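Participant: Sequence:
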Amino acid sequence: MSVQVVMYSTAVCPYCTMAERLLKSKGVAEIEKIRVDLDPEVREAMMQKTGRRTVPQIYIGETHVGGFDDLSALDRAGKLDALLNPA
Numbered sequence: 020m021s022v023q024v025v026m027y028s029t030a031v032c033p034y035c036t037m038a039e040r041l042l043k044s045k046g047v048a049e050i051e052k053i054r055v056d057l058d059p060e061v062r063e064a065m066m067q068k069t070g071r072r073t074v075p076q077i078y079i080g081e082t083h084v085g086g087f088d089d090l091s092a093l094d095r096a097g098k099l100d101a102l103l104n105p106a
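Under our numbering, the residues of the sequence shown are numbered 20 to 106, in order.
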């Protein structure tokens, strides 16, 4: 797995945990976590970049997937594996 996965998260976020669990079940060995609860400037940067206020915000490579609901919808639609394993 060579695609980079980045997840904006907080310390106490059940959806972040569920997203991490789903990604690991798909074979993602490493997730770069950016904690937005430790620095207000980091949260502001996330909001500017994604247009959203909530966590998790997940990037697979250059693609902004969105939150956990978006991630699991991609998986149910059969599109997550293609993002994680680009040809």
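No lab work stands behind these hints, which were simulated from the structure alone.
Hints should not be assumed to be uniformly reliable.
Mimicking SDA-like on lysine to any residue, the simulated pairs with C-alpha atoms at most 20 Å apart in a straight line are [unchecked claim]:
| id | residue 1 | residue 2 |
| --- | --- | --- |
| 1 | Lys-52 | Gly-86 |
| 2 | Lys-52 | Tyr-78 |
| 3 | Lys-43 | Lys-98 |
| 4 | Lys-45 | Val-22 |
| 5 | Lys-45 | Gln-23 |
| 6 | Lys-43 | Asp-58 |
| 7 | Lys-52 | Lys-68 |
| 8 | Lys-52 | Cys-32 |
| 9 | Lys-43 | Ala-30 |
| 10 | Lys-52 | Thr-29 |
| 11 | Lys-98 | Lys-68 |
| 12 | Lys-52 | Thr-73 |
Computed Cβ-Cβ distance ranges for the label pairs, DEER-style [unchecked claim]:
| id | residue 1 | residue 2 | range |
| --- | --- | --- | --- |
| 13 | Arg-72 | Met-37 | 14 to 24 Å |
| 14 | Val-31 | Ala-106 | 30 to 40 Å |
| 15 | Lys-45 | Glu-81 | 25 to 35 Å |
| 16 | Asn-104 | Pro-59 | 33 to 43 Å |
| 17 | Asp-100 | Glu-63 | 15 to 25 Å |
| 18 | Ala-30 | Arg-71 | 25 to 35 Å |
| 19 | Arg-72 | Ala-92 | 14 to 24 Å |
| 20 | Lys-68 | Asp-88 | 10 to 20 Å |
| 21 | Lys-68 | Thr-36 | 34 to 44 Å |
| 22 | Ala-106 | Glu-63 | 29 to 39 Å |
Nothing here was measured: the structure is a model prediction, and the numbers come from that model.
Quick reminder that beta carbons are idealized off the backbone N, C-alpha and C, glycines included.
Participant: Evaluate each hint against the coordinates.
Facilitator: Against the structure, the hints:
A distance of roughly 14 Å separates the Cα atoms of Lys-52 and Gly-86; the hinted pair therefore holds under the 20 Å criterion. Using a Cα cut-off of 20 Å, the hinted pair Lys-52 and Tyr-78 holds, with the two alpha carbons roughly 11 Å apart. Taking the CA atoms of Lys-43 and Lys-98, the gap is near 16 Å; set against the 20 Å cutoff, the hint holds. Taking the CA atoms of Lys-45 and Val-22, the gap is near 12 Å; set against the 20 Å cutoff, the hint holds.
Between the alpha carbons of Lys-45 and Gln-23 the distance comes to roughly 14 Å, so the proposed pair stays at or under 20 Å and holds. Between Lys-43 and Asp-58, the direct Cα distance comes to roughly 26 Å. Violation of the 20 Å bound is thereby established for this hinted pair. As the CA atoms of Lys-52 and Lys-68 are separated by approximately 16 Å, the hinted pair is consistent with the 20 Å bound. Using a Cα cut-off of 20 Å, the hinted pair Lys-52 and Cys-32 holds, with the two alpha carbons roughly 12 Å apart.
With a C-alpha separation of about 18 Å, the suggested pairing of Lys-43 with Ala-30 holds against the 20 Å cut-off. At most 20 Å may separate the alpha-carbon atoms for a hinted pair to count; Lys-52 and Thr-29 meet this at roughly 9 Å. Under the criterion of a C-alpha separation no larger than 20 Å, the hint pairing Lys-98 with Lys-68 is inconsistent with the structure, at around 23 Å. Taken as a hint, the Lys-52 and Thr-73 pair is honoured in the structure, with Cα atoms around 15 Å apart against an allowance of 20 Å.
At about 19 Å, the CB distance of Arg-72 to Met-37 agrees with the hint of 14 to 24 Å. Separated by about 38 Å at the C-beta atoms, Val-31 and Ala-106 satisfy the suggested range of 30 to 40 Å. Judged by the Cβ atoms, the range 25 to 35 Å given for Lys-45 and Glu-81 is violated: they are separated by roughly 18 Å. The hinted range of 33 to 43 Å is satisfied by Asn-104 and Pro-59, whose Cβ atoms lie roughly 36 Å apart.
For the pair Asp-100 and Glu-63, the beta carbons lie near 33 Å from each other, so the given range of 15 to 25 Å is not met. As the Cβ distance of Ala-30 to Arg-71 is approximately 19 Å, the hint placing it in 25 to 35 Å is violated. A C-beta distance of roughly 20 Å is found between Arg-72 and Ala-92, which places it inside the suggested range of 14 to 24 Å. As the Cβ distance of Lys-68 to Asp-88 is approximately 19 Å, the hint placing it in 10 to 20 Å holds.
Between Lys-68 and Thr-36, the C-beta spacing of about 22 Å breaks the proposed range 34 to 44 Å. For Ala-106 and Glu-63, the hinted distance range of 29 to 39 Å is satisfied, since their beta carbons lie about 36 Å from each other.
When held up to the earlier numbered hints, the structure conflicts with 6, 11, 15, 17, 18, 21 and fits the remainder.
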